[in-house]
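All chains, full assembly: derive it from the sequences and hints.
Protein chains in written order, with this note's numbering: chain V, 74 to 285; chain L, 5 to 325.
Keep in mind that the hints were calculated from the coordinates and are not lab data.
Computed cross-link-like contacts, DSSO-like style, restricted to lysine-lysine with a CA-CA straight-line distance of at most 27 Å: (1) V/Lys278 with L/Lys287; (2) V/Lys278 with V/Lys237; (3) V/Lys103 with L/Lys287; (4) V/Lys107 with V/Lys132; (5) V/Lys208 with V/Lys262; (6) V/Lys276 with L/Lys287; (7) V/Lys278 with L/Lys223; (8) L/Lys287 with L/Lys213; (9) V/Lys107 with V/Lys208; (10) V/Lys103 with V/Lys262; (11) V/Lys208 with V/Lys237; (12) V/Lys237 with V/Lys276.
Given the structure is predicted, the values throughout are model-derived calculations rather than measurements.
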Amino acid sequence: MRWLRRFVLVLIARPIARVFTGADIIGREKLPLKGPAILAANHASHVDTILMLTLYPSKGLDKVRPAAAADYFLRGGLISWLSNTIIGIVPVARDKAGTGADVLAPVREALKAGDIVLIFPEGTRGDGEEMAQLKSGVARLAADVPEAPVYPIWLQGAGRVLPKGEAVPVPMNCTVLVGDPLHWQGDRKAFLEELRVRLEDLKAKAPPQRWA
Amino acid sequence: MDAVTAFFAQQSPVVLWGLGGVLAVLTLAVGITALLPVIKPGGDFTNLRQRIASWWVMIALLAGALLLGWQAFTALMIVISFIALREFLSLAPVRREDRLIVLAAFVAMGINYLFIILDDYGLYRVFIPTYVFLIIPFLMACIGQTRAFLATTATFHWAIVTCVYNLGYIAFLMRTPAAEAQPAGAAGLVFFLLVVTEANDVAQYVWGKLFGKRKIVPKVSPNKTWEGFIGGWVTTSALIWFLGPVFTPLSGIGLATLALFLPLAGFAGDVTMSAIKRDIGVKDTSALIPGHGGLLDRADSLTFTAPLYFHILAYFALGHF
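See below:
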């Protein structure tokens, strides 16, 4: 089904995303084409995932897999099929977090298999303005798979195209900013702080595609 | 092969020669950029190369649409207006509550172009300046956010009038009946507008680079000078005066009016859009066109020259409008 995913993402989703968002990207050449690697992005909209997949250089696209909440995206039906076949998600059982279950195991396996995993360290969609506190999952992954560099990615404007709770998308320009990768240094708190600073730096460089 | 020959045979020879001229100028530019590293070793000409490569694409799209006729050209202008409007409303201060008003602006764009497709100039002329002007603030009032209300209505009006209504005039020119669009057809009218507007931008730039000393609007465009402005004005006026009769039905006072005011309008469009960009705090409106920036960065002068050109033609020569 790899050909179907490539076909839909490159020939259908990519033109639509360009028309709706302009899809400018700063630092495209930094994006890894081979795994293991972690793409850590801010999160305000379902558009975030689509934007990353449609902007990704075709050479690396087969490897890119967004980590996504199993409780939300794998409820069956068309959404499940799309999430598995086209988006290619790595399921995270968000609802089982804190019960002692190893909810990040599928992500770790994907990384060990050489995939490029897109994660949203805030854990859920925000309002697109202020970043929520980063959850520790990204640091745990970096610690468990230290050979995977973590790329900070700022997605500007996607939260306006389709905010949380809205059904009608509106065309608005979006910009993706790719930062230099971080490597695991051994300290979880310091790692999260460094990632947050790098994301804020990218945000400061983004064009003012935000609400007044 | 016969189809290709027939396609070109039905075109206005003047427009084909004009397009040939544009391609010759572009080829010359490519030749010069190839020589530049020899003349000035160590210089970085990446931006210049990108700019010229992008010109090929822009000219191919515009020329193709022009030769295919008003339907194709209107389709292209819809895409151009859509991108320009999207760029404008994405950068300008628009409030969270206005998300659906942004969508309404795109709907207004669709209706505006529908009037071009229906060839109904009477409705076109009043729809955006009168009715969209009133309806957008009313819809905003219904949503109920009153903070920065007046300023936001102005933002929407500016975006819609420049990106949709004013650029739409270019598409509407293609509806000029063949009998009136002498001597080079409707495509000739549009071609001439695009050429003189871009030539004006280039002439101002070149005169400014060569002789520029006195800044003309330092707070808005620090690189613009009186020398560039006046040199560009004179050059473009002469170009319009001599080439105008080849592409348009204008002569005498009508032609003189165009020659006098179009370069001014081009300059005004450039400077006014620069002031808006400076206010917003961006240099480019997007990264759509490599070497140029966003679509609005390229079309800024056109948002001012297109309505002026249309109105001068309508007043002096075209009974259809």
